[in-house]
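Q: Residues per chain, in single letters:
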Amino acid sequence: MKRFLIPLGIFIVLVGFLAVGLKLDPREVPSPLIGKSAPDFNLPLLSDPARHLSPADLRGKVWLFNVWASWCTSCRQEHETLLEISRQGNLPIYGMDYKDQPADALAVLGSMGNPYVETVVDLDGRVGINYGVYGVPESYLIDKNGIIRFKFTGPLSREGFDKKILPLVKELQK
Amino acid sequence: MIPELGNFALIVALLMALTQSILPLAGAARNIPSWMSVARPAARAQSLFVAIAFACLAYSFLSNDFSVINVTQHSYSRLPAVYRFTATWGSHEGSLLLWTLILGLWTFAVTLFSRHLPDDMVARVIGVMGLVSCGLLLFMLLTSNPFLRMPMAPDGSDLNPLLQDPGMVIHPPILYMGYVGFSVAFAFALAALISGKLDASWARWSRPWTTAAWSFLTLGIMMGSWWAYYELGWGGWWFWDPTENASLMPWLVGTALIHSLAVTEKRGSFKAWTVLLAIAAFSLSLLGTFLVRSGVLSSVHSFASDPARGLFILAFLAVVIGGSLLLFAFRANQVGLGGRFALVSRESFLMANNILLLTACGSVLLGTLYPLFIDALGLGKISVGPPYFNSVFVPLVLPLLFLVGVGPLARWKQASVPDLVSRLKWGFAASVVVALLLPFTMGAWKPMVAVGYLSALWIVVGVAINVQSRLRSGAGWSANFYGMNLAHLGVAVTVIGITMVSAYESERNVRMIVGDTITLQGYTFRFNGVKHIDGPNYTAERGALEVTRNGNPVTILYPEKRTYLASGMPFSDSAINYGFTRDLYTALGEPLDGGAWSVRLFHKPFVVWIWIGAVLMALGGVLAISDRRYRAALRKQGRAVA
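First to last, the sequence lines map onto chains A and B.
Counted the way the numbering used here counts, the first sequence spans residues 1 to 174.
Counted the way the numbering used here counts, the second sequence spans residues 1 to 642.
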């Protein structure tokens, strides 16, 4: 009898791990940039290519840096969440249009709504490399001193934002 | 209207599935014939209503009903009709419905081909399958309803371009036929455990069903591998991706099960073990579904990460697998020992085969879940890649291949080693010589190639000697015997394909402008530039590569770089010139400055042998099912009843 219980025992251990695994997100990868200064850039704005924006301009603010593109389907999944965050007005979102045609990006914002205070254009993806972007969308939470505090890869969900990012934002805004 | 009808059909199907499981199982336990006789009609009604639900969903896709969320998310008005149909199972919800539909088909098949079985056995088998149907239907209705509506959307967001391929028309249904087919062997095993009648006849009944499911799974995996080869544009044929592993694990255990069933049927041994394998094969199919659907492991195949769904599947797994393993623990010790056998015998070889296959499956399971274990223990994020799988898997497969050659020649009960040696020594010597010489024909001698050839030739020699002695002994046609040998030959063919392509493939990743030529393994590729073309739901840049060999034209290949209109997703469509001894594989990369393109060129020797071998294995399975023995039993019983 005892040896016939072995398969069941193995299975119970497996279920335990799977249950814990359900709570983990395989896409939540720690970034080496956390706790470091946000890499600098000086990029043209999507709304007006003559003007430029750099992280230094945002000193003193806690802001969300969201890397997206018009060709990225999962970015559309998170678009509604970003719009809600921007409507609440607690956290300014700055976008970076990554390896994209500005005209396409403007068309997306025109048809789906614009959650961004401003969007900068990273045509060739060089700034993306500095930020370690490997899958769009990616979001970075940057504090008043320009330090990256949190990074999220993949589409943001409302639930995930409220649970993981919002408490941190409140903490940092104090 | 039609989606509501589909939803209603699902609810009716759930009620039917409940009837199909509760009444027959209770009837069999209390020996009430009228309750047991409900099994067949209820099962048929259940499959019919699932089929109606499936037809409703397919209709919604074909008629572009963008008020159905599922259709909006996975279809597009300009998507060609055939892909609108396959989009029916392109989503999480749709593929679950397909799973349930195929379970219905297998159940329906059991109601048709079970006339020769005792009534209580049929009632239990159909009852157990009904329980599985209940779980899936509940899962769909509670967390993944494919018929949910929303206000009419103007258009859909298109099917994932990867899935817009002729392969997607048949690959998922065939793969699911395999996965789900193991539910029959599972149901037979549980029925035998419940009734306590684990005998040779149980094994004989299970065998054709198991072999059928295994043949489908073999074909399904082969198609998946081929699809990944031509569709993903990387030229690889196996990636050790969690989803591929999820299909490989039930296949390995299913292969062990086929062999172990043979021992149980012929010799009455391995009974408890065979039952455990039958449970394990189907459990791994369910586990595969869990891994793919729950988002526990990130993989290119993950459709959606939804914790509620994951939790439901996990609970379902715990009940189905945990329940059957508990039943096994209580009943397995009542199973008597079978016939004894010597250290060297057909049984001992098959036991070694089972151990190796299970170890291989265990190593794949460990590699697939290891990142999850480490993460769950809070030890960090890691990923396990091909280096682990290759270094663990290959050493396990080599002795297995040796057994494929020698095992079928050994006698049951006790085999004589000197006899085996004298039958095989010349064949072995010839294999060694040929295996050592053949790699020279490819230009570079590599030890792994010689090992690969030796394994393949050894199997061929074993098959040849086995067939020859059967012919000489004057024994007549046996579909089972020739089916086995055909499947084993298939293994040899696949081994040659894998060996050759792993050792000798060559790849060039180059920048080309119009008129550039590149020579690879004697083939000259001339880049004739790209042309803009418009597809039904995409636009594309189509490159033209003229291939010549020694100045003689071979072919012109047209790889494409597509952009899909609805999703804006870029997609690289490869172009391949297939050949018996080599494939020429081309894919377009990115456009570069000055009108140049990055182009990927591959020369892949013998790569199609991998899939030809798999087809031979599946055909061997089909041949074995046609064996008269299974039908003879059926006819005899039929007459007795009449």
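Among the clues, some could well be false.
Computed footprint of chain A on chain B; a stretch qualifies when at least three of its residues, placed anywhere within it, have a C-beta under 8 Å from a C-beta of chain A [said to hold, decoys possible]: (1) 161 to 175; (2) 328 to 335; (3) 462 to 474.
Under the rule of at most 27 Å between Cα atoms (straight-line distance), these lysine-lysine pairs were calculated in the DSS-like manner [claimed, not checked]: (4) A/Lys2 <-> B/Lys197; (5) A/Lys36 <-> A/Lys170; (6) A/Lys170 <-> A/Lys61; (7) B/Lys425 <-> B/Lys446; (8) A/Lys99 <-> B/Lys531; (9) A/Lys170 <-> A/Lys151.
Taking CB as the label site, the calculated pair distances span [as the list claims (entries may be wrong)]: (10) A/Pro44 <-> B/Ala318: 53 to 63 Å; (11) A/Arg126 <-> B/Gly522: 56 to 66 Å; (12) A/Arg126 <-> B/Val384: 48 to 58 Å.
Bear in mind the hints are in silico, worked out from the structure with no lab data behind them.
The C-beta atom is built at its ideal place from N, Cα and C for all residues, glycine as well.
Q: Now tell me if each hint is right for this structure.
A: Going down the list of hints, with the structure as the test:
1. Figure legend: the stretch 161 to 175 of chain B, annotated as covered by chain A; annotation inconsistent (0 residues with Cβ-Cβ distances under 8 Å, at least 3 required).
2. Coverage of the stretch 328 to 335 of chain B by chain A holds. Counting CB-CB distances below 8 Å, 5 residues qualify, and the rule asks for three or more.
3. Counting residues of the stretch 462 to 474 of chain B whose C-beta sits closer than 8 Å to any C-beta of chain A gives 0, which falls short of three, so the coverage hint is violated.
4. Distance check on the hinted pair: A/Lys2 and B/Lys197 sit about 21 Å apart at the alpha-carbon level, within 27 Å; holds.
5. Of the supplied pair hints, the one linking A/Lys36 and A/Lys170 holds, its CA atoms being roughly 20 Å apart against a limit of 27 Å.
6. For the hint pairing A/Lys170 with A/Lys61, the CA-to-CA distance comes to about 12 Å; that is within 27 Å, so the pair holds.
7. Distance hint between B/Lys425 and B/Lys446 is fulfilled; the C-alpha atoms sit about 25 Å from each other, no more than 27 Å.
8. Restraint check for A/Lys99 and B/Lys531: satisfied, since their Cα atoms lie roughly 23 Å apart, inside the 27 Å limit.
9. Taking the CA atoms of A/Lys170 and A/Lys151, the gap is about 16 Å. The hint holds against a cut of 27 Å.
10. Distance hint check for A/Pro44 and B/Ala318: the Cβ-Cβ separation is about 55 Å, which falls inside the suggested range of 53 to 63 Å.
11. Between A/Arg126 and B/Gly522 the C-beta distance comes to about 40 Å, which lies outside the given range of 56 to 66 Å.
12. A hinted range of 48 to 58 Å for the beta carbons of A/Arg126 and B/Val384 is inconsistent with their spacing of about 32 Å.
The earlier numbered hints that this structure contradicts are 1, 3, 11, 12.
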